[in-house]
Amino acid sequence: MKGKKLLIFLTIFFLLSFFYIDFKLSNFEKDVRNEIIKMRIFRYILVITSGMVLTSSGAVMQILFKNPLLDSYVLGISGGGLFGFILSSVYFKGNLLISIFFSFFFSLLSALISLSFSSNIKSDRKVSILISGLLVNILFSSLVIILSIFSKRDITFLFYALMGSFNHIFISKNFFLYISFFVTIILTTVFIIFKSKELDIISIDEDIASTSGVNVKKNFFFILLIIIYQTSLIVSFVGMVGFVGIIIPNILRMAGVVKSKDLISGSFLGGASLILVADFISKYSFSFEIPIGVVLSLFSLPFIFWIVKNNFE
Amino acid sequence: MERLKNFSFIFLFFISNFLNAQRIISFAPNITETLFFLSYDRYLVGRTSFCNYPKNTEKIEIAGSFIDIDYEKVVSLKPDIVFFSGNLTDKSEKFLKEKNIKYYDIKMEKIDDITKGIDSIIKIVGKDYDTSKVEKIRNKILGIKKLGKDQKVLIEVSEKPFIIATSSSYIGSILKLFGFKIFEDEKPYINFSYENILSFKPDIVIFMHSFKNGKDKYSILKNFDKIKFVFLDDEKIDIFSRSGPRVIDAIDIIERDFCER
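Same order as they appear, the protein sequences are chains C and Y.
First residue of the first sequence? That's 1 in the numbering used here, and the numbers climb one at a time after it.
First residue of the second sequence? That's 1001 in the numbering used here, and the numbers climb one at a time after it.
You may find that some hints are simply not true.
Reference excerpt, derived from the structure (chain Y facing chain C, CB under 10 Å, subset only) [unchecked claim]: (1) S1065; (2) D1070; (3) D1090; (4) K1094; (5) I1190; (6) N1191.
By construction, these hints were calculated from the structure, which means they are not laboratory data.
Everything numeric in this text was worked out from a predicted model, so none of it was measured.
Cβ coordinates follow ideal geometry from the N, Cα and C atoms, glycine included.
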């Protein structure tokens, strides 16, 4: 995406952002307006960061596994992360750092289980990874439900955790932690963009990559580890949000974006915009907030069906 | 001099208390009903979409639903006090602590909790109220007579899944005071089965839902013809599920419709 196109896209994105923060702000009295803007800006940062991470991680996974239907949700990473987060919140009563560590550990575990399941399924690699990811997701979602029942969590918590919500409560004493997480996400994303050349070679053929001096295994697992870290961080704040990582990279490919660097950076903007619109719908379309996953599923399922139809003949 | 100082302090305290009107949000229908009952509705600035009694609640802004709280709305309503009734979640607690808003979870699960709950609300709000109204509730509860004659009552809350209210529920606790025998359990609502129906053998079945064919399943009992089936309409369902000042109506309905004279 270069020049004029990028400028148009950026303009749309900024207009969307302005509309998101400014929506019906005049309805509030002047003295509380600043407080509302502060709440909305925090939420806005969470929304666009999640959109960027989930979409770019989806694009990277699709390159690594050469499968257009993969993202952190489909591979079961989000399910594992959510289970870890809830487990730690039961035993360590809301310590954010410990919760994120648990979320990362179980995300990693779920990814390893998915990979090991898929290697034992005698089928096309594209299909086997999808099936194993689905099984791991079901497993951890069930464990999340059981854990929530045992810990006497209210049913609305479960409802939003399993389908995702950006209605997060930011605590001022955790401000330094939020900044640290945000910085690590930016740094790891920049690192992945630096690795885009290696990703390009891996996406063509692993043998070619090996002969070109690219350590395929090392790069594969290192990048996967970064994606798992980013995903577990997002899951700890917003719960499980699926499909956004599948839609945007595939739209970009349809638009002729091939290079990994362009695909990942294009995913940032596309993912952030899509989630921003979806969150706006989830927040304002009913008298109560509907989970973001519900909005995304309704809009993305026809598109995913189309991808399956064209890739799994 | 010291006297004058003390007097001016007390005077200022009362003046500020008088001028400083409370702003209250209620996140529970029974609390909203109680606030109206105590004439504290003039301080009520927010409610849930579920709070629909008395009719005047419509004028109060909605600050949340049965699923979640509208946090932006809560901030904009600038409440001094937020009330819950057993539905305070970790998330809401985190939010209210962060915003330094006082919150109270007034649990009124059984009939015995009603007057205690009303007393707590009066203490928290700290404003004048009509003492005779509260006394009326106290006397009405104390005046309940054992008219139930050990009849077994089964309270169906939902048909599918088959859930009943036990002696620990609000309606169960009222009926128990009347001398009816209610299915005993620590939990207020539990799953029930056909086997349970056969072993409990109810004399009266109360339906707190609108599925009219619900009574067919009791045909497995030998005394089916003698069972009294009571279908509650929406208004009565609210009366028997919201523990609050409408306990007076609940007691009247039981005396009128359930008890043999």
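Quiz prompt | Structure-inconsistent hints, enumerated in ascending order | solution = The structure breaks hints 5, 6; every other hint is satisfied.
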